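Residue numbers (our numbering), protein chains in the order written: chain R, 56 to 449; chain G, 46 to 593; chain V, 40 to 270.
Read the hints as simulated data drawn from the structure, not as lab findings. Here the structure is a predicted model, which means the values were calculated and not measured. Please note that a few of the clues may not be correct.
[Said to hold, decoys possible] The list that follows gives simulated cross-link-like pairs (lysine to aspartate or glutamate, EDC-like), each with its CA atoms no further than 20 Å apart: (1) G:289 <-> R:403; (2) R:431 <-> V:149; (3) R:433 <-> V:254; (4) G:491 <-> R:334; (5) V:253 <-> V:88; (6) R:184 <-> G:568; (7) R:338 <-> G:494; (8) G:131 <-> R:225; (9) R:212 <-> G:495; (10) R:433 <-> V:133; (11) R:338 <-> G:399; (12) G:91 <-> R:229; (13) R:187 <-> G:568; (14) R:431 <-> V:152; (15) R:338 <-> G:495; (16) R:212 <-> G:404; (17) G:272 <-> R:77; (18) R:212 <-> R:233; (19) R:337 <-> G:282; (20) R:196 <-> R:76; (21) R:212 <-> G:406; (22) R:184 <-> G:495; (23) G:131 <-> G:495; (24) G:567 <-> R:128; (25) R:208 <-> G:390; (26) G:198 <-> R:128; (27) R:431 <-> V:42; (28) G:278 <-> R:364; (29) G:272 <-> R:364; (30) R:194 <-> R:77; (31) R:433 <-> V:152.
One-letter residues, chain by chain:
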Amino acid sequence: MEEKIKKELKSLLKKCDARLEELEAEYPERKGFMEWLSFSGISRRGFLKWSAIMSATMMLPPVFEQRVARAAEIASRIPVIWLHFAECTGCTESLLRSNNPGVAEIILQYLSLDYHDTVMAPSGESAEKSLKDTMAKYKGKYICICEGSIPTKMDGKFLRVGSKAVTGLEKAKEVTKDAAAVISIGHCASYGGPQASYPNPTGSKSINDALGINSVIIPGCPYNSASLVGTILYFILFGKIPTTKGGRPLFAYGKRIHDTCPRRAHFDAGEFVREWGDEGAKKGFCLYKVGCKGPLTYNNCNIQGWNDDIASPIKAGHGCIGCSEPAFWDRMAPLEKPIEARILPGVESTADHVGWTLIGISAVGMGVHAFYSYFKGKKKGYNKECCSEHEKEE
Amino acid sequence: MAKRTIIDPITRIEGHLRVEVEVEGGKVKEALSSGTLFRGFEIILKGRDPRDAGMFTQRICGVCTHVHYDASIHAVENAIKIVPPKNARIVRNLIKSAQYIMDHIVHFYILHGLDWVDITKVLQADPKKAEDLAFSVGSTYNAGRARFAEVKKKVENLVKSGQLGPFANGYWGHGAYKVPPEAVLLIVSHYLDALEVQRYGGQIMAILGGKEPHTQGLVVGGVTCVKDLLDPKRIGDILFRFRKLKEFVDTAYLPDLLLAGQVYKEYGLQNVGAGHKNYLSYGDFRLSDDTDRSNLFFPAGVILNGDLSKVHKFDPEKITEHVKHSWYKYSDETKGIHPKDGVTEPNYTGLNDDGSCKENDKYSWVKAPRYDNKPMEVGPLSRVLIAYASGNKEVKALVDYALKTLNAPASALFGTLGRTAARCIETKWLADTAEKWVGELVANLKVNEETFTKYSMPKEAMGYGLIEAPRGGLGHWVSIENYKIKNYQCIVPSTWNFSPKDALGQRGPCEQSLIGNPCVNKDQPLEVLRTVHSFDPCLACAIHIVRR
Amino acid sequence: MSEFKRVYRMNGLLRFNHWAMFVAFIACAVTGFYIAHPFLVFETGEVIDSYVMGYVRLIHYLGAIVLDVILIIWIYLFFFGRHPYFKFIFPLRERGKEALQMLKHYFTLDMKDRPESDEDRMDALNAWGIFLFIIVFKALMLITGFAMLSPQINAENTAIPGGQYVFYYTGQIAYIIFGNLVNIRIAHHLIAWLMIFFVIIHIYIEIWREVFWKEGDISIVFSGHKFLKKK
């Protein structure tokens with residue numbers, strides 16, 4: 056068994072090394088990566104430490120740390136095109152706020168982010184030129200990161216971008232066509248986002264649905280920046296990222312919020328917050344009764360916290376709203392009530408309501424039937440009749 | 046008709062904005078601003094639980110992420126007529142002030158800064174002289190010749206590598222860049238520090254609100270973070286981070302702004318980008334626990350035609366919205382409708398064949414809100430001017446200090462430079478106050494740990510939440526029927542600022558400010574971008590609007 | 040006086056099966072509702088002092104194991120059992136008439152409408168009910184339950200080698216039927232209500248039969264026998 060694992064690891068490492076070498080040959084070296092880091096207050100030592108943390112985040116053994124460091128250096132050379140569609144820029148903000156791992160932001164800032172609406176210097180036609188240059192120069196080599204969903208109703212004219220006023224759909228098709236990898240980030244790009252919730256007036260669709268491609272999705276509203284960094288590094292190391300069935304990276308979305316929750320002990324103990332700000336809330340009890348959707352949500356908020364690992368919604372006393380699950384706006388609503396309070400479409404009431412109605416119907420039905428049987432039986436002389444019938448036959 | 050220059054996408058903003066300008070003789074003659082995305086939040090909100098509205102509306106915008114949440118919660122609280130406890134009020138103020146400080150820092154250094162400074166000039170700068178300059182103006186945050194030499198070397202490497210990333214194809218070398226090389230080095234160095242520092246703001250919001258962007262810690266009736274409030278370590282975390290932010294504002298943001306302001310003083314003196322000079326502020330940051338919004342940190346008011354001697358009283362009933370030039374349909378498009386009973390159907394009429402906007406027809410997804418049928422500018426400049434005109438001591442001191450440093454009259458505040466300066470003054474004002482609020486919170490927690498007001502949801506109710514977002518006045522109107530949302534409307538800052546023309550033919554504030562704006566090179570409309578960016582556009586906010 | 044024939048309806052194993060299900064179902068229903076709506080809230084402040092939800096969930100799982108094992112045995116017997124009884128419960132069209140007749144009897148109360156039933160056969164409607172409850176409902180509960188549990192099951196904490204795969208792939212069937220975890224959760228809850236509904240009807244009908252048929256139907260489940268009136 057152990058032999059086998061060792062052998063597998065060896066072949067994996069070999070593959071990984073070969074890929075790194077290939078990439079290093081493919082992308083021209085960008086000088087001064089380490090200087091960027093040092094000037095941002097990160098030493099070589101700190102960088103290696105970060106590599107170790109990142110390896111652990113991606114659930115890789117320590118032997119990969121050096122390779123993660125190498126991958127990070129390559130990452131600084133891969134051109135990235137970051138597209139915005141129907142979105143709120145929260146995902147970009149999330150990127151700006153990432154601090155732990157500290158280098159993450161530096162890499163992403165200097166990931167050779169060749170086109171990014173929110174941080175780039177040029178505007179208008181010059182910006183479009185940046186996009187065209189990158190696409191032509193690195194055809195088939197750039198990573199395309201998509202933020203936001205694509206409106207499809209009215210031929211996609213709910214979103215028109217650029218001086219030629221192309222629709223979002225056309226732009227997305229054009230850019231993703233030649234990308235080495237497409238990563239859809241945030242709930243909008245992954246699943247359609249709030250604008251795609253009922254009744255979806257603009258016909259918004261996720262990147263994968265709208266374009267018919269199979270990109271890696273990093274859902275969440277917004278996503279956790281560590282997941283994006285991890286995904287990019289993973290992609291560089293292995294060329295392919297293991298995903299769950301829905302296409303989410305396994306390392307970040309393999310576990311439920313509920314199973315990694317810091318308040319889980321209170322759940323098992325049966326200690327619940329009953330109302331905001333009550334004694335339970337002060338003591339940090341479980342938020343199940345005030346609508347935590349942790350048991351239904353796969354994400355890594357509790358493992359890799361938000362904003363420098365300083366907090367997570369559950370830590371701050373508000374339950375999970377399930378923002379990394381498809382269509383959570385509709386399925387998990389009302390967000391501050393347990394899932395049992397969900398209004399079922401079609402019947403317009405909750406599951407318990409349906410249940411009690413069923414019980415009510417059965418009670419009434421049984422009562423009516425019992426009376427009916429009693430009176431009708433009496434009228435017909437039920438018992439007598441049947442007995443007499445038998446007697447007659449005899 | 047002269048050929049219009051189309052600037053789309055406008056970068057370094059939130060959302061999708063297009064600006065079209067007609068340039069004649071180096072000046073802008075005609076300008077159109079158009080939101081190019083429609084999402085339809087208000088249709089989606091219909092029939093949902095009013096308590097969920099905050100979460101939804103928050104997703105209107107990820108940059109001013111918290112304020113929509115706050116406005117929505119206020120609106121629902123107003124509808125069910127409850128007031129959150131004192132602790133909750135202070136916590137909300139703290140989250141919001143952290144948001145303001147962070148947002149303004151990000152805007153000045155990361156989004157707006159590249160309009161004023163030419164990053165390539167760093168190559169000509171002398172770190173030693175930059176150090177002298179930094180200490181002479183008091184911009185001492187992380188300053189020193191070693192640091193500046195490092196920054197310079199870094200930029201050199203970046204330029205040499207040829208892979209400029211986000212800086213590629215900028216308008217470098219444009220004649221309108223006037224900041225001297227040493228000052229550029231100083232500001233670029235602080236650009237990098239700002240990336241670090243702005244995170245502290247995010248962290249404060251995360252501690253109190255769970256995560257940032259899209260905080261999750263507010264509920265109708267209060268806040269949820271009571272456990273953190275009772276934890277001295279967490280309070281310490283918050284206080285420490287506010288101090289860090291304040292330090293950055295004092296020793297980097299304010300001096301840098303004044304430094305750049307001196308260079309671009311003629312912008313202020315000529316009132317470039319002044320526009321209509323109508324200013325509106327809803328007022329925000331409640332200082333007492335009552336419903337009538339009387340005791341506010343940012344005073345409410347209206348200034349008309351740049352007349353600082355009179356602050357008119359603000360009346361929410363006077364707000365109307367026009368759709369003459371927006372892609373929506375009214376039965377009578379010559380009049381505006383109050384958001385309470387607005388009607389809207391999307392009515393997309395398309396663009397010209399060459400992809401430009403139809404000037405005399407509908408051309409934007411943004412509606413045109415008007416106050417008393419006048420276009421109004423909202424934002425930091427409005428807030429600061431109204432506070433200044435109504436005699437707020439702190440603001441008066443700050444504004445006077447800034448004007449004295451720049452050696453300019455108060456009228457220089459109208460316009461592009463004033464907007465940028467007011468943003469900074471406001472940041473300083475808040476950074477100075479936030480610490481006090483933390484103290485107030487701790488003191489109050491000793492006597493009262495309450496963070497939530499109990500309520501029962503009424504079957505039918507109506508309410509509004511008027512707050513100030515970093516970009517200007519934000520209003521949410523909600524009506525509840527059968528415990529569900531019957532109608533939901535928002536008017537957001539960028540709807541005010543980036544509105545198209547109304548039925549009376551009045552341009553929106555941004556359009557008006559662009560008129561007469563210099564634009565030397567049509568292919569590099571840098572000066573136009575300055576004015577557009579000075580409004581801190583947030584288009585995702587503006588274009589969600591759809592009302593029924 | 041009419042004559043009665045003593046007929047044997049349920050053997051010991053079936054009766055055991057019935058009562059095991061009775062206990063397990065009640066346990067699952069009660070604990071299930073606690074899990075959905077935790078009504079007891081202990082504020083001891085110390086987690087070590089209470090483990091309410093933990094125990095409740097344990098009971099729920101134990102009950103579920105009993106029900107699931109019964110389900111699996113039934114499915115096995117359905118295919119490989121030699122007794123015709125196990126095949127008989129499958130709703131086939133040819134016995135539709137019989138089932139309808141039985142239904143009619145419940146409303147007309149006419150003995151003539153009552154289908155013939157002899158020693159080792161119950162009526163078709165009854166058999167179909169058993170099929171619905173034991174096979175369909177319980178199978179749905181099993182797959183939805185497994186789908187909800189599978190994230191917690193990994194190689195380390197499963198008793199059966201490869202148990203995690205069993206949970207995972209069984210759970211995937213639920214994903215195919217219901218689409219997503221939220222629907223699965225709601226479906227689990229709704230089917231529980233349907234089962235309760237079914238049980239109530241079942242109890243009522245048994246009592247009704249006892250009263251109106253006077254053939255000692257309730258004693259089947261205790262002694263295995265009932266009395267058929269001789270014709």
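Evaluation of the provided hints:
no.: 1; hint: G:289 <-> R:403; result: violated, 51 Å
no.: 2; hint: R:431 <-> V:149; result: holds, 10 Å
no.: 3; hint: R:433 <-> V:254; result: holds, 18 Å
no.: 4; hint: G:491 <-> R:334; result: holds, 16 Å
no.: 5; hint: V:253 <-> V:88; result: violated, 53 Å
no.: 6; hint: R:184 <-> G:568; result: holds, 12 Å
no.: 7; hint: R:338 <-> G:494; result: holds, 12 Å
no.: 8; hint: G:131 <-> R:225; result: violated, 51 Å
no.: 9; hint: R:212 <-> G:495; result: violated, 49 Å
no.: 10; hint: R:433 <-> V:133; result: violated, 34 Å
no.: 11; hint: R:338 <-> G:399; result: violated, 63 Å
no.: 12; hint: G:91 <-> R:229; result: violated, 36 Å
no.: 13; hint: R:187 <-> G:568; result: holds, 17 Å
no.: 14; hint: R:431 <-> V:152; result: holds, 15 Å
no.: 15; hint: R:338 <-> G:495; result: holds, 13 Å
no.: 16; hint: R:212 <-> G:404; result: holds, 18 Å
no.: 17; hint: G:272 <-> R:77; result: violated, 51 Å
no.: 18; hint: R:212 <-> R:233; result: violated, 24 Å
no.: 19; hint: R:337 <-> G:282; result: holds, 18 Å
no.: 20; hint: R:196 <-> R:76; result: holds, 15 Å
no.: 21; hint: R:212 <-> G:406; result: holds, 17 Å
no.: 22; hint: R:184 <-> G:495; result: violated, 56 Å
no.: 23; hint: G:131 <-> G:495; result: holds, 8 Å
no.: 24; hint: G:567 <-> R:128; result: violated, 39 Å
no.: 25; hint: R:208 <-> G:390; result: holds, 15 Å
no.: 26; hint: G:198 <-> R:128; result: holds, 19 Å
no.: 27; hint: R:431 <-> V:42; result: violated, 25 Å
no.: 28; hint: G:278 <-> R:364; result: holds, 15 Å
no.: 29; hint: G:272 <-> R:364; result: holds, 17 Å
no.: 30; hint: R:194 <-> R:77; result: holds, 17 Å
no.: 31; hint: R:433 <-> V:152; result: holds, 18 Å
Hints 1, 5, 8, 9, 10, 11, 12, 17, 18, 22, 24, 27, counting from the list given before, are not met by this structure.
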